[in-house]
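A.B. asks: So you can see what is in the structure, the chains are spelled out below.
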Amino acid sequence: EAQVTQNPRYLITVTGKKLTVTCSQNMNHEYMSWYRQDPGLGLRQIYYSMNVEVTDKGDVPEGYKVSRKEKRNFPLILESPSPNQTSLYFCASSLGGADGETQYFGPGTRLLVL
Amino acid sequence: GQNIDQPTEMTATEGAIVQINCTYQTSGFNGLFWYQQHAGEAPTFLSYNVLDGLEEKGRFSSFLSRSKGYSYLLLKELQMKDSASYLCAVPQTNAGKSTFGDGTTLTVKP
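First to last, the sequence lines map onto chains Z and F.
Under our numbering, the letters of the first sequence match residues 322 to 435, in that order.
Under our numbering, the letters of the second sequence match residues 116 to 225, in that order.
Accuracy of the hints is not assured; some may be wrong.
Claimed, not checked - Only part of the chain Z face toward chain F is listed, based on derived beta-carbon distances under 8 Å:
(1) Pro-360
(2) Gly-361
(3) Gln-366
(4) Gly-417
(5) Gly-427
As the list claims (entries may be wrong) - Which residues of chain Z face chain F? A partial, calculated answer using Cβ under 10 Å:
(6) Val-325
(7) Gln-358
(8) Ser-370
(9) Phe-411
(10) Ala-413
None of these hints come from the bench; they were simulated from the model.
For glycine and all other residues, C-beta sits at the position ideal for the given N, C-alpha and C.
Based on the provided sequences and hints, a complete structural model is requested.
C.D. replies: This is the structure in structure tokens:
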């Protein structure tokens, strides 16, 4: 089954404790992205990647890191989480190119930073 | 930069028709997407418009006017399961950067 998976789905942590949210897709997509979604707000892009070893900042990159060492994986790293990073996070992938911008989303990771 | 506006909330009756508008201002244009998101779930693709005009897909249609920076999503024969948030999104380039509107929460009442 073609899908985007994220782990963990739910996470409670404390301020300053490094964490990683994994994202994996099995569709051989070139592009991958991370978004956060907060109540009353739409999806805001954190980082995106066009290919292996190619990443760029989205609209809200502060406090986050990403890496793209393999095509299928795009982990999101919070080196020192803070309460304002409490949010619902979505990973997404797309084929890429002019006709391949349709994004397929993972199920989401709900993060609470105390 | 990108700016996308859509109404925050809409309410409609089961069986009726509802139109959700989206206006955008972009420095470039590579098409416009509509996604549906049920509460607590991931967004799912509904439609994509890159040329002016109406794209019809079953009960859902999407319209685009590039000269006016305007799109709408038309939902016909509303069903209770259509209660969801509808997100308008514009890719900024062909490189993966996208901007989403804040979403329109549609409530369908019996």
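A.B. asks: Would you mind marking each hint as holding or not holding in the structure?
C.D. replies: Now for the hints, and whether the structure bears them out:
Violation of the interface hint for Z:Pro-360 is found here, the shortest Cβ-Cβ separation to chain F being roughly 11 Å, above the 8 Å cut-off. Hint status for Z:Gly-361 relative to chain F: holds, with the closest Cβ pair at about 7 Å, below 8 Å. Because the smallest distance between the Cβ of Z:Gln-366 and any Cβ of chain F comes to about 6 Å, under 8 Å, the interface hint for this residue holds. Satisfaction of the interface hint for Z:Gly-417 is found here, the shortest Cβ-Cβ separation to chain F being roughly 7 Å, below the 8 Å cut-off.
The beta carbon of Z:Gly-427 is positioned within 8 Å of a beta carbon in chain F (closest approach about 6 Å), and the interface hint is therefore held. Annotation: interface hint on Z:Val-325 holds; nearest CB of chain F at approximately 8 Å, less than 10 Å. Because the beta carbon of Z:Gln-358 sits about 9 Å from the nearest beta carbon in chain F, less than 10 Å, this interface hint is met. Interface hint at Z:Ser-370: satisfied, since its Cβ lies 7 Å from the closest Cβ of chain F, which is below the 10 Å cut-off.
The beta carbon of Z:Phe-411 comes within 6 Å of a beta carbon in chain F, closer than 10 Å, and the hint placing it at the interface holds. The beta carbon of Z:Ala-413 is positioned within 10 Å of a beta carbon in chain F (closest approach about 8 Å), and the interface hint is therefore held.
Of the hints listed earlier, the one the structure fails to meet is number 1.
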